[in-house]
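S.K.: Each residue of the sequence shown is one higher than the last, beginning at 0 in numbering that gives the first Met the number 0.
Just so you know, the hints here were simulated from the structure itself, not pulled from any lab data. For glycine and all other residues, C-beta sits at the position ideal for the given N, C-alpha and C. A hint or two may mislead.
Quick list of simulated restraints, FRET-style, between CB atoms [said to hold, decoys possible]:
no., residue 1, residue 2, range
1, Ala344, Ala591, 49 to 55 Å
2, Glu626, Phe226, 45 to 51 Å
3, Lys431, Asp811, 26 to 32 Å
4, Pro248, Lys431, 46 to 52 Å
5, Arg620, Asp162, 47 to 53 Å
6, Asp502, Asp224, 30 to 36 Å
7, Phe226, Lys469, 24 to 30 Å
8, Glu167, Asp772, 38 to 44 Å
9, Arg620, Ala805, 48 to 54 Å
10, Ala591, His55, 35 to 41 Å
11, Glu806, Ala256, 54 to 60 Å
12, Glu788, Glu240, 23 to 29 Å
13, Lys809, Glu788, 38 to 44 Å
No farther apart than 30 Å at their CA atoms in a straight line, the calculated lysine-lysine pairs in the DSS-like style are these [said to hold, decoys possible]:
no., residue 1, residue 2
14, Lys257, Lys211
15, Lys534, Lys431
16, Lys809, Lys211
17, Lys258, Lys469
18, Lys211, Lys382
19, Lys515, Lys257
20, Lys515, Lys431
21, Lys809, Lys780
22, Lys469, Lys382
23, Lys534, Lys515
24, Lys758, Lys809
25, Lys515, Lys336
26, Lys336, Lys469
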Amino acid sequence: MFRLGFARLAGVLSLFAAILTPSSVLACGDLIVASEGAGLPAVCPLQHTDVRTEIHGMIARTVVRQVFSNPATRKIDALYTFPLPHLAAVDDMRIVIGSREVIGEVRPREEARAIYEDARAKGHVAALLDQERPNIFTQMVANIEPGVQISVEIAFVETLRYDEGVLEWVFPMVVGPRYIPGGGSAEAPMTRATGTSEVPDAQRISPPITPKGTRAGHDIALTLDIFGGSELFDLASPLHETLITSDGPGHARVTLAKKTEIPNRDFVLRYRLAREEIGDSYVVERDPTGLYFTLVLQPPRRVQAETVVPRELIFVLDTSGSMNGFPMEKSRAVMRKALASMRPADVFNIITFSGHTSVLWEAPRPATAENVAEAQAFVTERKSGGGTEMMRAIEAALVQAKRSASAPMRIVCFMTDGYVGNDMAIIDAVRKNAASTRVFSFGIGNSVNRFLLDGMAGAGRGEVEYVTTKEAEDAAVERFARRIESPVLADISVDWGDLPVEDVYPRAIPDLFAEKPVVIHGRLREASGGVIRLKGRNALGPFEREVRIDAPSAAANSGAEPSALGSLWARARVEFLMNENLAAVQSGTLPAELREAITALGVTHRLMTQFTSFVAVERTRVTIGGESVLVDVPVEMPDGVSYEGVFLGDVSGVALGRSLRKGGARLSDGGGYGGFGVTMAPPAARPAAAPAGGAEAGRPAARDRLGSVTSDDGANAKAREEQNTPARKLDAGLRDLAERVAQAGQSGDLTVGPIRVEKHRVAVMIVVAELNDEVRAALVKLGFEAAGEVPGASTLIGSIDVRKLAELVKLDSVRHVRPVPRGS
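Given the sequences, and given the hints that come with them, work out the whole structure.
M.R.: Right, here's the structure in full:
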């Protein structure tokens with residue numbers, strides 16, 4: 000009976016090879032799937048992503064095409080978690096199957112899910128696009144038949160970043176590993192995180208990362224057309240090799256030099272225009288929902304302040320595991336430059352955070368040469384490792400600290416990659432606790448969480464800087480030093496005069512610390528012009544500038560189609576409503592009236608939101624081949640991020656149960672036996688917890704150092720040690736199975752939920768430390784009958800007598816044992 004059952008598992012097992020084959024045996028960079036029966040190779044379900052963007056002025060329109068195919072001999076469903084720019088207004092989705100195209104509809108999230116599940120169950124090809132964060136999305140495609148290719152096209156519009164004469168467009172390519180407070184972080188490659196009270200949706204924002212030395216098997220191409228209106232200069236991409244062509248002074252086409260680029264880092268393009276600054280502009284569009292405008296106002300030039308204002312500077316440095324290696328080296332370099340840029344009148348302190356939070360001194364000290372030298376040594380000696388308990392650092396920097404009477408300007412600067420799951424709650428905490436403090440953020444790395452870093456700076460009325468590991472830090476630190484001198488323009492407002500505007504966003508225009516334009520989205524009651532006044536305060540005192548607005552001819556458009564400006568306005572209003580209580584959005588407790596308002600905006604404007612989703616169903620035909628199998632598309636580890644830092648040394652384990660599931664297409668809740676799989680237990684040896692106190696081991700602590708403000712390293716170490724006991728090696732569903740069979744089983748047969756025992760034998764997956772002949776012999780000695788192996792994951796699949804399970808987990812080589820559910 001078991002041999003027949005494992006024969007059925009052969010097809011399922013073949014799918015895992017796509018995510019477990021070592022790169023040393025791959026051809027052309029693809030991960031190989033040993034297909035059923037014939038043994039022919041195929042690539043994993045997501046084959047390719049193609050990005051095409053047009054930039055006109057400061058507005059970009061992008062279409063992302065994801066190409067899925069089926070490498071197996073039975074139907075599959077694909078699940079892919081991927082990023083998009085966090086300020087993008089996603090306003091279109093469609094699926095293409097051969098010559099057939101199905102345009103997606105926007106529905107309330109739960110309704111869209113129900114439509115998708117119904118279509119999947121009936122055998123229709125369907126696609127569902129959900130937003131998990133403003134920069135993290137989930138694409139699900141149901142009923143992909145063998146040999147069939149399905150494309151999903153996603154379109155969005157956004158405004159470019161403009162800063163001191165440089166325009167910047169960024170396209171994120173991978174979702175980095177998220178630390179989940181409360182113990183839910185992914186334990187090893189090819190696992191998803193599990194939900195906690197702080198991050199209930201952790202599983203949905205943490206795609207499985209390929210094991211070290213393997214490839215995800217999908218690649219990306221990008222084409223960017225820039226129509227600048229004047230000659231373009233200094234086009235540069237710091238993280239990718241590009242090809243640039245032009246058929247005129249105001250147009251450039253940028254493509255990736257490698258046609259099969261690995262999607263493991265942000266694509267960043269920066270360029271200048273021939274004119275020195277972006278001029279004022281006013282654009283109006285009409286669509287079926289109304290008349291919308293985008294106004295771009297150029298700020299004044301920076302004016303040097305005549306008086307030097309005393310400042311208190313608090314630097315907060317992320318030393319968690321994801322910063323290990325190049326990111327940590329770059330953070331130290333940025334910190335050294337920032338410390339050297341301080342003025343003698345400044346006072347400062349340093350906070351570091353990982354699994355615990357440490358403070359250099361009990362109170363800020365003057366920026367004397369001696370104190371700066373001690374701070375430099377403190378930064379140099381910081382070691383990266385452990386979790387990313389950023390909320391505790393927020394509390395240490397913003398909540399507990401008291402503003403010094405001698406420092407009218409208090410500035411907190413965070414340096415991090417932002418790889419946390421509770422990012423919404425963190426932004427909310429900054430907004431609620433930064434009343435007397437300016438918060439600046441430095442994103443350190445090649446694929447950082449820009450939603451969090453932009454959000455922290457916005458909530459803290461500061462600015463954000465990004466430093467990749469491939470760029471010198473000097474320019475970014477120099478910009479930071481200029482910005483904290485004084486704002487270019489503060490207390491900004493717009494007097495609209497007789498212009499008939501309404502619902503203008505942002506409601507409160509943030510202070511400008513850089514020479515960048517004020518961008519405003521709004522609605523018009525009618526198309527008309529007039530005179531408006533930009534008001535504010537700079538270093539010399541009150542500032543005011545008149546701007547004449549002409550009645551736009553564009554308002555005469557028919558408005559039959561949704562407009563880009565309408566999407567941008569709706570996206571700005573959604574952001575305003577979400578910011579009412581981001582922590583409640585994170586926890587799923589947002590008041591009903593806010594949720595309903597956001598949902599209505601999404602449906603009315605055909606816009607992706609946290610509470611609206613795109614769904615597309617091909618209803619003209621029904622696929623054949625029975626029930627489908629869900630394949631979770633793996634992603635690359637972000638460029639420069641250390642496997643050892645993220646997974647604490649566990650870099651080869653897999654949790655296949657979270658990667659593949661027969662039947663339903665839902666993401667599991669992180670419990671039970673909804674999957675076919677193995678969950679790795681953490682290894683017995685972990686890096687030792689950092690010693691208490693602000694100093695590392697072997698370095699005497701300064702007399703007035705606070706040491707650890709909070710620490711959970713001891714508790715974590717104890718929990719990890721408990722996980723490696725024989726009892727914890729055994730999955731919960733197997734721990735008392737022998738006793739239950741003895742008490743209730745008839746002739747050794749028993750069914751317990753998804754687990755089937757026949758003649759005392761149960762199907763299991765066994766993860767071992769190393770797959771070798773000695774381990775195989777030890778398992779055979781216990782009566783284990785192997786049906787298959789996954790060498791890249793040190794995993795065996797087979798059956799064993801339930802009465803031998805207790806002896807099995809006592810073997811030192813065995814890391815974890817999990818049941819194979821019925822029907823897999």
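S.K.: Please go over all the hints and tell whether each is borne out by the structure.
M.R.: Quick rundown of the hints versus the structure:
Against the hinted window of 49 to 55 Å, the Cβ-Cβ separation of Ala344 and Ala591 comes to about 51 Å, which satisfies the hint. A beta carbon spacing of about 49 Å between Glu626 and Phe226 agrees with the range 45 to 51 Å that was offered as a hint. Taking 26 to 32 Å as the suggested C-beta distance range, the pair Lys431 and Asp811 does not conform, at roughly 50 Å. Between Pro248 and Lys431 the beta carbon distance is about 49 Å. The supplied range of 46 to 52 Å therefore holds.
About 51 Å separates the C-beta atoms of Arg620 and Asp162, a value consistent with the hinted range of 47 to 53 Å. For the hinted restraint 30 to 36 Å between Asp502 and Asp224, the CB-CB distance of approximately 32 Å keeps it satisfied. The hint said 24 to 30 Å for the Cβ distance between Phe226 and Lys469, and at roughly 28 Å that hint holds. With their beta carbons about 56 Å apart, Glu167 and Asp772 fall outside the hinted range of 38 to 44 Å.
With their beta carbons about 52 Å apart, Arg620 and Ala805 fall inside the hinted range of 48 to 54 Å. For Ala591 and His55, the Cβ-Cβ distance of about 39 Å falls inside the hinted range of 35 to 41 Å, so the restraint holds. Remark: the range hint 54 to 60 Å for Glu806 to Ala256 is upheld by a beta-carbon distance near 57 Å. Range check, Glu788 to Glu240: about 39 Å between beta-carbon atoms, so the 23 to 29 Å window is missed.
Taking 38 to 44 Å as the suggested C-beta distance range, the pair Lys809 and Glu788 does not conform, at roughly 22 Å. Note on Lys257 and Lys211: the hinted pairing holds, with a Cα-Cα distance of about 22 Å set against a maximum of 30 Å. Between Lys534 and Lys431, the direct Cα distance comes to roughly 26 Å. Compliance with the 30 Å bound is thereby established for this hinted pair. For the given pair, Lys809 sits about 28 Å from Lys211 by alpha-carbon distance, which is consistent with the 30 Å threshold.
A distance of roughly 21 Å separates the Cα atoms of Lys258 and Lys469; the hinted pair therefore holds under the 30 Å criterion. Distance check on the hinted pair: Lys211 and Lys382 sit about 22 Å apart at the alpha-carbon level, within 30 Å; holds. Distance check on the hinted pair: Lys515 and Lys257 sit about 33 Å apart at the alpha-carbon level, beyond 30 Å; violated. Of the pairs offered as hints, the one joining Lys515 and Lys431 holds, with about 26 Å between alpha carbons and a cut-off of 30 Å not exceeded.
Proposed proximity of Lys809 and Lys780 is supported: the alpha carbons are some 13 Å apart, at most 30 Å. Taking the CA atoms of Lys469 and Lys382, the gap is near 21 Å; set against the 30 Å cutoff, the hint holds. Distance check on the hinted pair: Lys534 and Lys515 sit about 15 Å apart at the alpha-carbon level, within 30 Å; holds. Restraint check for Lys758 and Lys809: the C-alpha separation of about 23 Å stays at or below 30 Å, so the hint holds.
The suggested pairing of Lys515 with Lys336 holds, with an alpha-carbon distance near 24 Å, which does not exceed 30 Å. Distance restraint check for Lys336 and Lys469: the Cα-Cα separation of roughly 17 Å lies within the 30 Å cut-off, and the hinted pair is therefore satisfied.
The earlier numbered hints that this structure contradicts are 3, 8, 12, 13, 19.
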